[in-house]
Amino acid sequence: MSIEFRNVSYIYSKGTPIARQSLKDINLTINNGEWLVVMGPTGSGKSTLLQHLNGLLKPTAGTVLLDGSDINAAKSSLKSAREKVGLVFQYPEHQLFGSTVFEEVAYGPENFGFPKDEILGMVEASMNTVGLDFAKFKDRSPHELSGGEKRRVALAGVLASRPGIIALDEPTAGLDSAGKKHLVDTITRLNRESGITVIWVTHEITEIAPLADSLLVLEQGNTRGYGPLRDTLASPLLGELGLDLPVALQIANGLRKQGKQIQGCPVTIDEIEQEILSLVR
Amino acid sequence: MSGEATLKNLIEVCNLEFSYSDKVSEYRVLKDINLNIQKGEFVTVLGPNGCGKSTLVRHLNGLLLPTAGSVKVNGFLTNDEISLSTIRRSVGMVFQNPDTQLFASVVEEDVAFGVENMCLPRADIKIRVEKALASMGLTEYRYHPPHRLSGGQKQKTAIAGILAMEPECIVLDEPTSMLDPKSRAEVMKAIRELNLNHGITVIYVTHDTSEALCFDRLIALNSGEIVFDGTPKKFFSKPEYPARAGIIVPPIIELVERLTVHGVALPPDIKSPEELVDAICQLNSEM
Chain A
1 MSIEFRNVSY IYSKGTPIAR QSLKDINLTI NNGEWLVVMG PTGSGKSTLL
51 QHLNGLLKPT AGTVLLDGSD INAAKSSLKS AREKVGLVFQ YPEHQLFGST
101 VFEEVAYGPE NFGFPKDEIL GMVEASMNTV GLDFAKFKDR SPHELSGGEK
151 RRVALAGVLA SRPGIIALDE PTAGLDSAGK KHLVDTITRL NRESGITVIW
201 VTHEITEIAP LADSLLVLEQ GNTRGYGPLR DTLASPLLGE LGLDLPVALQ
251 IANGLRKQGK QIQGCPVTID EIEQEILSLV R
Chain B
1001 MSGEATLKNL IEVCNLEFSY SDKVSEYRVL KDINLNIQKG EFVTVLGPNG
1051 CGKSTLVRHL NGLLLPTAGS VKVNGFLTND EISLSTIRRS VGMVFQNPDT
1101 QLFASVVEED VAFGVENMCL PRADIKIRVE KALASMGLTE YRYHPPHRLS
1151 GGQKQKTAIA GILAMEPECI VLDEPTSMLD PKSRAEVMKA IRELNLNHGI
1201 TVIYVTHDTS EALCFDRLIA LNSGEIVFDG TPKKFFSKPE YPARAGIIVP
1251 PIIELVERLT VHGVALPPDI KSPEELVDAI CQLNSEM
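For the protein sequence lines, the chains are A and B, in the order given.
Position 43, counted from 1, in the first sequence is what this note's numbering calls 43; the numbers after and before it change by one each time, with no gaps.
Every number in this note's numbering is 1000 more than the matching position in the second sequence, counting from 1.
For the record, the hints were derived by calculation from the structure and aren't laboratory data.
Please note that the accuracy of each hint is not assured.
Derived pair list, reagent style EDC-like, types lysine to aspartate or glutamate, alpha-carbon separation capped at 16 Å [claimed, not checked]:
| id | chain 1 | residue 1 | chain 2 | residue 2 |
| --- | --- | --- | --- | --- |
| 1 | B | K1072 | B | E1168 |
| 2 | A | K79 | A | E110 |
| 3 | A | K138 | A | E124 |
| 4 | A | K257 | B | E1274 |
| 5 | B | K1126 | B | E1109 |
| 6 | A | K260 | B | E1274 |
| 7 | A | K24 | A | E219 |
| 8 | A | K181 | B | E1166 |
| 9 | A | K257 | B | E1275 |
| 10 | B | K1233 | B | D1269 |
| 11 | B | K1182 | A | E204 |
| 12 | A | K257 | B | D1278 |
| 13 | A | K79 | A | D67 |
| 14 | A | K260 | A | E240 |
| 15 | A | K260 | A | E275 |
| 16 | B | K1233 | B | E1211 |
| 17 | B | K1182 | B | E1211 |
| 18 | B | K1072 | B | E1017 |
| 19 | A | K257 | A | E275 |
| 20 | A | K180 | B | D1208 |
| 21 | B | K1131 | B | E1109 |
| 22 | B | K1271 | B | E1254 |
| 23 | B | K1131 | B | E1166 |
| 24 | B | K1189 | B | D1216 |
| 25 | B | K1182 | A | E219 |
| 26 | B | K1182 | A | D244 |
| 27 | B | K1182 | A | E275 |
| 28 | A | K116 | A | E103 |
| 29 | B | K1039 | B | D1216 |
| 30 | B | K1008 | B | D1032 |
| 31 | B | K1008 | B | E1168 |
| 32 | B | K1271 | B | E1211 |
| 33 | A | K260 | B | D1278 |
Which residues of chain B face chain A? A few of them, derived with a C-beta cut under 7 Å, are [what the hints assert, rightly or not]:
| id | residue |
| --- | --- |
| 34 | N1049 |
| 35 | L1063 |
| 36 | H1147 |
| 37 | G1152 |
| 38 | D1180 |
| 39 | H1207 |
| 40 | I1252 |
We put the CB at the ideal spot given by N, CA and C, even for glycine.
Pulled out of the complex, with its shape left as it was, chain A reads as follows:
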């Protein structure tokens, strides 16, 4: 499933004294099965961009296309976009309200009108995907689970409707290192095995740099960089904006500054390990 932004602009509180332009003329093409990372300083418009993906916000100007058709053209296209594009917000666990995990995860499919006999299977499959044992968790209250487990319930709720695109806003924020790894592994599996298109907004690039395909860098609503991940990382842009670089690349850049020869744009620990070993030998 693909998404295209054509000249999308968005202004908050348009026509009031506190009007603020949040997106300026954004052009994007996210292909079927692609994994796009979105980075930018606080307040750069990342979350605003995400809310355009399924029509929660409508562009002040420009068009958002889902598989070639304008999602804001009609009520029916908007409904279809909400079903096909799963949005996982910052701290999704704050939005849990069901009295059991089952109820919580089934909420999406029920509201999108899936037949009752299918829903049970959808909930079970989706809980398995995120690593929640169906029998053990289905009757528990989501509110008594740990932070990492709550996050998985929220993700399962979004995945239950089988979206073709999943967009996550700072999905690793507030998770410990083990929880982060689990989440990154889950999304990697969905992307590689089920071909889900992934849009991942983050400040932390080290863990996902080896996995993602492309990178969009926003600053104050403007596109500052956009292209294949390694090409965009190799430019000095992220450093200039004070954004995070993969640890491997931070080391590579540091060594280059000291006049050392480093090949390409290393983003994994393996890659930088090889570079350092060939330097010191």
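Please arrange chain B on chain A, whose structure you already have, making use of the hints.
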């Protein structure tokens, strides 16, 4: 951290136990915690999700009360109701999620709320609010409604509200998990300055290992027990300490270990990319 003032215990936690219970079972969140925090200390509390970090720090100004054992702030017991307002004036708290802390219609009002309740002259309140806004880089947003700010800006507003009250001790529960690296560094710098220049005691909860490296003292918690109390340098010097705390070793530490296995002679306490670059350049110049 210097001078005689640092010899005084600000917070004393003695055999602290805490349990949540429902009709069916009892869940012990904290088990026999003993801890002293001195005035002026710069402390981080590190541990995985659900290990009891937030539960522990909520005891430090009486938001939660011990099931057994005691917590004292400046000698006052937190389960003595008469002392609570004194304790809460000494120990200010910034929570994980700014959305649940902000409520005023503009940023400036939100920052002023706490300090307005301290019966200070109006002019003093104004100065403190100005200072707090400036130190968090929020001056240009002072008339904006908080709900229209980004996540990071909201969190800075919450921190500014506590800073304006100038407490003796500030407890921050993962305040930067939603900020970009630049704002994260700004917040860390502001907190460090509060500690160095004003002697404010800082207790900072995180599971970001690179942040934890910036503190003087690291307390690691796992399954409701303190599993390490010492310097961050010592914590990362042996793999058994992070393992005991359920912390995955950060990539930089893993890389140093791998290079060492391959016979690269690196100093043992490298904890940042810059330090590794320096060490490698040193090696090359010796060869």
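A quick look at each hint next to the structure:
1. K1072/B x E1168/B: OK: K1072/B and E1168/B at ~14 Å, within 16 Å.
2. K79/A x E110/A: Within the cut-off at roughly 14 Å; holds.
3. K138/A x E124/A: At roughly 9 Å apart (the allowed maximum being 16 Å), E124/A and K138/A satisfy the hint.
4. K257/A x E1274/B: 11 Å, holds
5. K1126/B x E1109/B: 11 Å, holds
6. K260/A x E1274/B: 14 Å, holds
7. K24/A x E219/A: Distance ~10 Å between K24/A and E219/A Cα, so the pair holds.
8. K181/A x E1166/B: Distance of about 38 Å is beyond 16 Å: violated.
9. K257/A x E1275/B: 14 Å, holds
10. K1233/B x D1269/B: 7 Å, holds
11. K1182/B x E204/A: 12 Å, holds
12. K257/A x D1278/B: It holds: about 11 Å lies between the C-alpha atoms, which stays within 16 Å.
13. K79/A x D67/A: Satisfied, since the Cα-Cα distance of roughly 14 Å is no more than 16 Å.
14. K260/A x E240/A: Outside the cut-off at roughly 22 Å; violated.
15. K260/A x E275/A: OK: K260/A and E275/A at ~10 Å, within 16 Å.
16. K1233/B x E1211/B: Holds - the C-alpha atoms of E1211/B and K1233/B are around 12 Å apart, at most 16 Å.
17. K1182/B x E1211/B: Between K1182/B and E1211/B the Cα gap is close to 13 Å, so the pair holds against 16 Å.
18. K1072/B x E1017/B: 14 Å, holds
19. K257/A x E275/A: Holds, at about 15 Å.
20. K180/A x D1208/B: 11 Å, holds
21. K1131/B x E1109/B: 14 Å, holds
22. K1271/B x E1254/B: 10 Å, holds
23. K1131/B x E1166/B: 11 Å, holds
24. K1189/B x D1216/B: 14 Å, holds
25. K1182/B x E219/A: Since the Cα atoms of K1182/B and E219/A sit roughly 13 Å apart, the hinted pair holds (cutoff 16 Å).
26. K1182/B x D244/A: 9 Å, holds
27. K1182/B x E275/A: 28 Å, violated
28. K116/A x E103/A: 13 Å, holds
29. K1039/B x D1216/B: Holds, at about 13 Å.
30. K1008/B x D1032/B: 23 Å, violated
31. K1008/B x E1168/B: 13 Å, holds
32. K1271/B x E1211/B: 11 Å, holds
33. K260/A x D1278/B: Within the cut-off at roughly 12 Å; holds.
34. N1049: Interface hint status for N1049/B: holds (4 Å vs cutoff 7 Å).
35. L1063: With a minimum Cβ separation of about 18 Å from chain A (threshold 7 Å), the hint on L1063/B is violated.
36. H1147: 11 Å, violated
37. G1152: Because about 3 Å separates G1152/B from the closest Cβ in chain A, which is inside the 7 Å limit, the hint holds.
38. D1180: Holds, because the Cβ-Cβ distance from D1180/B to chain A comes to roughly 5 Å (cut-off 7 Å).
39. H1207: 4 Å, holds
40. I1252: Interface hint status for I1252/B: holds (6 Å vs cutoff 7 Å).
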